[in-house]
Structures are given as structure tokens and as C-alpha cells.
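A.B. asks: So you can see what is in the structure, the chains are spelled out below.
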Amino acid sequence: MLDNLQLFVDAPFLLIQVLLDGILFGAIFAIAAYGMALVWGVMNVINIVQGEFVMLGGFITFQLTLWGIHPLFGIPVAAAVLFVIGIALYYGVIRRVVDKDMFISLLATFGLSILLQQLMNQIWGGDVRTAQSGLGTWFLFDYTVTVGQIKVVACVGALILGLILIVFLKKSRLGQAIRATAQNPRAARVLGINTDKVFAATYGINAALCGAAGSLVVMAYSVHPYIGLPYTVRSFMIVIVAGLGNLPGVILAGLGLGAAENFAAFILGAQFQVAFVFCLLIVILVVRNTLLRRKRKYLK
Amino acid sequence: MNGRGQIILGIVIVAAALAAPLVFPDFRAQIAMLWVMVLFALTWDILGGQTGYNTFGNILFFGTGMYAAAVFQRDGGFDYFPGLFIGMGLGALISVALAAILGSMILRMRGHYFAIATLGLGIAAGEIASGWDYIGAGSGMSPPLFPGAPGISYIFFGYLFFGLALITFLLLAWVYRTRFGLALNAIRDNEDKAEAMGLKTDTYKIAAWMLAALFLGLCGGAAGNMLGFIDPRDTAFAGATFGVWMVLMAILGGKGTLWGPVLGAFVFHVTQEILWTHLLGWQRVALGLIIVGIVVFFPQGILGWARTRWPERFGHRVETS
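Going line by line, the protein sequences match chains A and B.
Residue 235 in my numbering sits at position 235 of the first sequence, with consecutive numbering throughout.
Residue 1186 in my numbering sits at position 186 of the second sequence, with consecutive numbering throughout.
You may find that some hints are simply not true.
[What the hints assert, rightly or not] Facing chain A, a subset of chain B residues (Cβ under 10 Å, in silico): (1) ALA1149; (2) LEU1199; (3) VAL1285; (4) PRO1299.
No lab work stands behind these hints, which were simulated from the structure alone.
Here the structure is a predicted model, which is why all the values come from computation and not from measurement.
For glycine and all other residues, C-beta sits at the position ideal for the given N, C-alpha and C.
Throw the hints in and build the complete structure from the sequences for me.
C.D. replies: Set out below in C-alpha cells:
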């Protein structure tokens, strides 16, 4: 562990390398996190199946490359397929748990996440998959820092998706209906908004965002049926830190989390990266709870 | 169910449980696992059902007990049985200490924040265990071999787990009737009011979690020995199987009741053993479907359903007009 720290002193450019990799990775977390914040804020459901949507988007893109299609086309395709899946899951399951106790929806989406995990495992097998985008690598600072171009594309893609979402929520009719429902579902119903449809659309949009994030993940990194849950937990942490409905905060928290995680993986060893994510989750929850408790408020 | 009915039912179950491994020698392993499942569901229900704090992370104590016992057996230098029992005790002790320390941090959260924090705990433990060389890292650990003929170990562990489950059940039956049990129920019904009435809710919650950790730690230590191999993610900290089953069994039977978790464990384990062999490869897909199905369509559980169907049998007076 200390040897790894010593490396930073010996080769300062490694710092830049690790930081850059982390930030580029973090941008993808931010998309999934924004989807989670949307569902949480509008429907009051914590969507544990988030990470599996990301993985599914990745596998769909991977499947396209098997058919000889360039993975960049996978972004819209995965988003469209996931939108349909999201709507179907809403009408099949989520709709029945929206107004129930939050633990019921937590457990129901947890069940869905196990279901999707195992379905992906049955369809695509338990191997780690990536999709080759055929893009090159940039070398910076005298070949000491390398940046995969696809990672930059993924990061920029993530930011563009975030921008599209903001504009959609602000300007479009449906986006306004979604925001109205988030503020007060009863008042929205009184004003003639079909909240059931708004919920369905919200859940579908969230799934589509995750699908697009997933196809960026499979191009720049890799997917596997069982690594969805870390993505869920990352989204959850980002939302907790940034707060609901705060997009710049979500992006910043996402980038920060990516960087922190990459440093942890470098210093502690890659086998502890996921452990770090989950420990960080607990630390964040405990810290936030102590802060709120001091003001005699509770996490509710 | 009235008092005498419960006692008769209890005697019948004890007699059947004592006879079962001798009558069905082919199913000894499954019978032993059944008692582990009963322990899972009963201990989950202390916090999940009675106190209203749903945890996903009780598997943490099971895995901790498993590893602690195996490490003690490896490094302690005792014979098999003293090593096993001291190891189990040590595992339980560490689990209870963990519950006290972690509980004092995360049990102060409310509702679903607590649920997600415990989910993180269980998985973090599995990930740490699979990266830690001292306990075998990702390749797991093998506890020492059971002395004696191969078939005997399941009889021994079957009775051991039955004894543990029985003690847990009787203890909980007593605890739920005391002031402590009432305090837990008060926290479930309305924590703010309970606190306003002067109950130290945090202390009660932590004590309840420690009680669950005690029995899960004991159970884990013995379970590692019975299974013969400890895998960090698939047996010790198996959040996606054992960890979810606990919740599922308690909900299926009827959470917040004494008999519900036992009933749920029986129904779930028997169904699972019958179905599993026919579903090669698709078991976990089925598990996901079962979770969603139970949670969405049957959240009140078997006993909860029976209680609304025949309220008189549960001692509720029904006014008929």
C-alpha cells in the first residue's frame, strides 16, 4: 500500500493519470445518478435495479457489435430498448408499489435486480464483455499520461445526455408535467395531469438514461452481469451527496466519486475497489446522519 | 392460536424434528439446512418485523461467525469439537461486538436509509473478505474435516442447528412478551412517539440487533463446518442468496409474528428444494420472480393473511351486526 503511495512521489504524472481516469469514469456515474434522482424525486422510489439497467444497456450494445454494428450506434438503440423495458416494468411491477411503504419498493426493485442479473447471466454468460470502438489513444506529457479517446467520448457523451435531459425537463410539456408531479402529485392530478402516465414516462426515461450510460460503459470499460449493484450504490451516494434535483451537483459529485474511487483502487489495490465503494456509502450515510442529527433532523 | 394449541404444536414439531434425520436419512443435509433457514428468518424478524427496521445486511454476522470459527479452528490448535465450540462462541462474540459498534452508527438512521446502509455493509464485508489474504482471500477457506463417518456430520449438525433454532425460538417467544418486546413494537409503530414517551429507542434497537447477531454468529460458525467450504461471496457473505432469503422467508410467513418466520422458512425451503432441481441454471431467475411476486402481491405473508381471514382464531374480537 505504501509502495503505491511512493509511486506518486517518484512519478508525479501518475497522479494526473489516475485523476483523469477517475474523472472520465465518474461522468458516467453521473448519468445513472441523475436517473435515480429523477425517479426518487418524482415517484419516491429508490430504484435498486439502476445498475442492472446500466449493465443491460452495455450488453445490448455488445450484442450489436456481434452483429457487426458499430457500438456508437448502440447508444440510441440501448436507450430505446431500455425505455420500453422500463415502461413494461413500471406497468408490471413498480406501479403496484409506488404508493406503498418505501421498503416494499426497495425490496421489489431489489428482486427485479436479481431477476435481470440472472437473465443477463443466462443470455450472455458470466464473462466480462467489452465492445471495441476502434478509437485510438492520446498521449500527453511526453507519453507519460495516456487517455483512451473512447473514454473522452464517453465523458462528453455523458455531459451531452445530461444537457438534453435538463432542456427536456425545462421546456417540453412532458418535462413540465414530470416536474409538477415531483412537486405535488395531488395538485398535479387536480390540474389534469395523468400522474400514472407521468410515472411511467419517468421510469422509462430513467431506464433509457441508464441504457445509454451502459453502452458508454461497455465501450470505455467492461460489463458483467453481476457488477450492476456497485453502479446502483454509486448513483445512490451521488444523489445523497448532491441532493435531489441538483444537476450540477450530481455531475460534480459523480466526477469526485470517480476520482476518489480510482485513487482508492490505485492505493489499496484493484481488488478492494468495490469494497471501497460500499464502505464509502456507509461513511457518507453515517456522516450525513450525524450532521442532520445535530440540527435535530433525521434522514427520512 | 391459543396457548394450549401452541404447546401441542410445539411438542409435535420437536418430536418430528428429532425423528426426521433418522426417518429420512437421504435428506439429512436438507433437514440441517432447514434449521439454518429457520434461524435466518427468526433472527431477521427481531429487527425487521418486530422493530420495523428492515435490514439487508444480517448476513454480515453469519459470515463473520463462519470466518471467525474457521480461523480459530485453523490457528487455535484445539481438537475438533472444543475448537468448533470455542470458535462458534468467538464468532458470536465478534458478531455481537460488530452489531454494537456498527449499530450505534447506522441504527440511528431511519427506514430505508438504514436498509441501504445494511445492504452496503453485507457487500462490503464480502468484498473485503475476498481481498484479505489472512482468511484465504478470493479462494476461500476450508474448515477442518468432521471426524467420523461422512454421513454422521449432517446428523450432528442437524441436531445442533435444531437446538439453536429451538433456543432462539423459545428465547424470542419470551422476549417478545417482556417490556423489551413491547418497546420494539412501539418503535415499529411510531418511533417519534416512543422516544417522546421516554424510551431510549437507540439502545433498544442496538440491543435487538445484538441479539440477532449472537445467534447468527453461532449459526455461521457451525454452518461453515457443515458446508465444508467457505467462499467469501457465495456462502459466507452471500447477500444474493442467504441474505435475501432471510427477508423473503420472514415476509412470506408473516413478519412481526413469532410463528411467521418459522412457517415462512419451512414453506420457502421445501418449495425451493423441490423446485430447484428442475430448474437447472434458472433457479436464481426464479428467485428474482419469487421475490417480486411475494413483495408485490403478498406483502402481508401467510400469517398476516390468515389473521385477516380468521381474526377470531388469533384472539381478535369481531363485531358482527
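A.B. asks: Tell me if the interface restraint on LEU1199 of chain B is satisfied: Cβ within less than 10 Å of some Cβ in chain A.
C.D. replies: Constraint on LEU1199 of chain B not satisfied, violated at 16 Å.
A.B. asks: So, as I understand it, the hint says VAL1285 of chain B touches chain A; can you test that by seeing if any CB pair is closer than 10 Å?
C.D. replies: holds (4 Å)
A.B. asks: Can you verify the interface hint for PRO1299 of chain B: is its Cβ closer than 10 Å to any Cβ in chain A?
C.D. replies: Given a least distance of 6 Å, the restraint on PRO1299 of chain B holds.
A.B. asks: Go through the hint on ALA1149 of chain B and say holds or violated, using the shortest Cβ distance to chain A against 10 Å.
C.D. replies: Given a least distance of 37 Å, the restraint on ALA1149 of chain B is violated.
Figure legend: structure checked against the earlier numbered hints; hints not met, in rising order: 1 and 2.
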